[in-house]
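Visitor: For reference, the chains in residue letters:
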Amino acid sequence: MDTATIVSTIFTFALFSFIFWKDNPAYNIAEHIFVAVGAGHAVVASYFVLKGSGWDQLAKGNMGVLIPVVLGLLLFARYFKGISWLTRPSVAIVVACGAGLGLRGSIRADFLDQIRASFLPLTNLNNIIFILGVVSVITYFFFTQHYTRITKGRLSVVTDLGQYFMMVAFGASFGQACMGRLSTLIDKVSFLLKTVLRIGV
Amino acid sequence: MNFWTKMQGVDARIIYILMMVAIAIPLVKPIGLPMRIMPTTLQVFEFIEKLPSGSKVYISFDYGPGQGPELNPMSTAVLNHLFKKGLKVYAMASITEGPMVAQSMLAPFEQQGKVYGKDFVNLGFFAGGEAGLAALCQDIRKVIARDFKGTPLDQLEMMKDINKITDFALGVTVNSGPGGYGTPEVWVRQVPIVYKTPFVLALNAVMTPSSLPFLQAKQITGLLGGLRAAAEYELCLKQPGMGAALMDAQSAAHVVIIAFIILGNIAYFSLRPKRRSGGI
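Protein sequences, first through last, are from chains A and B.
Numbering of the first sequence is given in this note's numbering, commencing with residue 1 and proceeding in unit increments.
Numbering of the second sequence is given in this note's numbering, commencing with residue 1 and proceeding in unit increments.
In case anyone wonders, no lab produced these hints; they're calculated from the structure.
Note that the coordinates shown come from a computational prediction; the quantities given were computed from them, not determined experimentally.
Warning: the hint list may mix true and false statements.
To be verified - Under 7 Å between C-beta atoms, here's a sample of chain A residues computed to sit facing chain B:
| hint | residue |
| --- | --- |
| 1 | Cys97 |
| 2 | Ala99 |
| 3 | Ala109 |
| 4 | Ala117 |
| 5 | Leu193 |
What the hints assert, rightly or not - Label-pair restraints from in silico Cβ distances:
| hint | chain 1 | residue 1 | chain 2 | residue 2 | range |
| --- | --- | --- | --- | --- | --- |
| 6 | A | Thr184 | B | Lys118 | 32 to 42 Å |
| 7 | A | Val65 | B | Lys118 | 25 to 35 Å |
| 8 | B | Tyr16 | A | Phe170 | 16 to 26 Å |
| 9 | B | Gln103 | A | Thr184 | 14 to 24 Å |
| 10 | B | Ile17 | A | Gly100 | 44 to 54 Å |
| 11 | A | Gly72 | B | Gln103 | 27 to 37 Å |
| 12 | A | Pro121 | B | Leu18 | 47 to 57 Å |
| 13 | B | Phe260 | A | Ala96 | 47 to 57 Å |
| 14 | B | Pro152 | A | Leu125 | 53 to 63 Å |
| 15 | A | Arg88 | B | Val21 | 57 to 67 Å |
| 16 | A | Arg88 | B | Pro240 | 50 to 60 Å |
| 17 | A | Gly200 | B | Ile261 | 20 to 30 Å |
| 18 | A | Gly100 | B | Ile14 | 50 to 60 Å |
| 19 | A | Val65 | B | Val115 | 30 to 40 Å |
What the hints assert, rightly or not - As a list, the in silico EDC-like pairs of lysine to aspartate or glutamate whose alpha-carbon atoms are at most 16 Å apart:
| hint | chain 1 | residue 1 | chain 2 | residue 2 |
| --- | --- | --- | --- | --- |
| 20 | B | Lys238 | B | Glu46 |
| 21 | B | Lys85 | B | Glu49 |
| 22 | B | Lys88 | B | Asp139 |
| 23 | B | Lys196 | B | Glu49 |
| 24 | B | Lys85 | B | Asp119 |
| 25 | B | Lys160 | B | Asp139 |
| 26 | B | Lys149 | B | Glu110 |
| 27 | B | Lys142 | A | Asp113 |
| 28 | B | Lys218 | A | Asp110 |
| 29 | B | Lys85 | B | Glu46 |
| 30 | A | Lys22 | B | Glu110 |
| 31 | B | Lys84 | B | Asp119 |
| 32 | B | Lys88 | B | Glu110 |
| 33 | B | Lys196 | A | Asp113 |
| 34 | B | Lys218 | A | Asp113 |
By construction, the Cβ of each residue, glycine as well, lies at the ideal position given by its N, Cα and C atoms.
Please work from the sequences and hints to get the whole structure.
Guide: Shown next, in the form of structure tokens:
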């Protein structure tokens, strides 16, 4: 058995120990090492990004990079009490760019195209169910008193239907979540059986 | 204490053990349960099948090793198809662990004779999340200066005609969703929506239902969801592999879950009169 398999086996058992003995030293050690390795890797990866996009570019004489580099460095000002306000321009630019970029695509991705895709001919059962779902779920999210007074509760059937549609959607989502978690467990059981014990290879 | 009262307070460890046994049996002795290929999977397969040999495809490995058990079989199946078709593969990642995952996924193909820099390349991690992706779409070299091995992009033969996202015939993100910078929503609103380029989402199961509207609205070319899609893709390729092998175990685990849900409900309803009368 190679070193990687031995290490992997020890860590697998250490993490499985949580099932039988709750919080215990073996589980804690494995958890802390995992977090530490992840954090260390992220630091190294970030260093190479800064080197490639910042330092190397400056060394080539690309002085335009100085602006984002300075704005990035200003983010660290928050750790110094007297000058912490210097972070504000950088944060403002990050928020503004994020909002602008997000808005550029999301108006079409999340609204226009989705609304257009809801205009379906009621020619088959799938489309009928789809339209019923869209209308009833949207109706469910009318919360105003004014609305309730006008309809005098007559539309409660539609809102109830919307609730059922959402419950089906949550159920599907939960089922998929179970599938995802099971895949991880299956992989670990498969690893222990096939790689470590060499059963069923 | 009768059986149903015991069922209500069943120890979680018993469920875990039963689950592990249920998973282990088909892994040791595969059952070979029949499986139907879903239209969503077939759609992706047929699109790639139609791409002419030599077309350029980028795959963003936006997941870490923790999501590997679910997404690795899908990555392998798609890469298998791309290489089989003679397409050029450009790996990249929007999260820091992604390039390592890409490297481990591409290694078996390198051992089978595919050449780094000629058949595939690992461009590594691109920083900046949504802003980084938007910049990458316009000019790759502005965001990625060197590949994963440290070679400047201009020295790579495969990067000769590649400058922006529209230079690719297809894009794929194998994505584990929140936690990464390039979530499926970010990819959709920055790539296929803005540039109208073919794009496939390959997601873990939990992300699949919330991403189906993108497919329904024809914003993306295809959607692969979870281990099941990997198994289906392997069937499309007529090469049952990791995904298909694990599906029997998945089905067995589902039977255990369904059995416990049924037993739990019977226990709940059978004890309801007792509970109402204050007996429990």
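Visitor: Compare the structure with each hint and give your call.
Guide: Okay, the hints, checked on the actual structure:
no., hint, in the structure
1, Cys97, "holds, 5 Å"
2, Ala99, "violated, 10 Å"
3, Ala109, "holds, 4 Å"
4, Ala117, "holds, 4 Å"
5, Leu193, "holds, 6 Å"
6, A:Thr184 <-> B:Lys118: 32 to 42 Å, "holds, 35 Å"
7, A:Val65 <-> B:Lys118: 25 to 35 Å, "holds, 32 Å"
8, B:Tyr16 <-> A:Phe170: 16 to 26 Å, "holds, 25 Å"
9, B:Gln103 <-> A:Thr184: 14 to 24 Å, "holds, 21 Å"
10, B:Ile17 <-> A:Gly100: 44 to 54 Å, "holds, 53 Å"
11, A:Gly72 <-> B:Gln103: 27 to 37 Å, "holds, 28 Å"
12, A:Pro121 <-> B:Leu18: 47 to 57 Å, "holds, 48 Å"
13, B:Phe260 <-> A:Ala96: 47 to 57 Å, "holds, 50 Å"
14, B:Pro152 <-> A:Leu125: 53 to 63 Å, "holds, 57 Å"
15, A:Arg88 <-> B:Val21: 57 to 67 Å, "holds, 58 Å"
16, A:Arg88 <-> B:Pro240: 50 to 60 Å, "holds, 57 Å"
17, A:Gly200 <-> B:Ile261: 20 to 30 Å, "holds, 28 Å"
18, A:Gly100 <-> B:Ile14: 50 to 60 Å, "holds, 54 Å"
19, A:Val65 <-> B:Val115: 30 to 40 Å, "holds, 34 Å"
20, B:Lys238 <-> B:Glu46, "holds, 14 Å"
21, B:Lys85 <-> B:Glu49, "holds, 7 Å"
22, B:Lys88 <-> B:Asp139, "violated, 19 Å"
23, B:Lys196 <-> B:Glu49, "violated, 20 Å"
24, B:Lys85 <-> B:Asp119, "holds, 11 Å"
25, B:Lys160 <-> B:Asp139, "holds, 13 Å"
26, B:Lys149 <-> B:Glu110, "holds, 15 Å"
27, B:Lys142 <-> A:Asp113, "violated, 31 Å"
28, B:Lys218 <-> A:Asp110, "holds, 12 Å"
29, B:Lys85 <-> B:Glu46, "holds, 12 Å"
30, A:Lys22 <-> B:Glu110, "violated, 43 Å"
31, B:Lys84 <-> B:Asp119, "holds, 11 Å"
32, B:Lys88 <-> B:Glu110, "holds, 13 Å"
33, B:Lys196 <-> A:Asp113, "holds, 13 Å"
34, B:Lys218 <-> A:Asp113, "holds, 8 Å"
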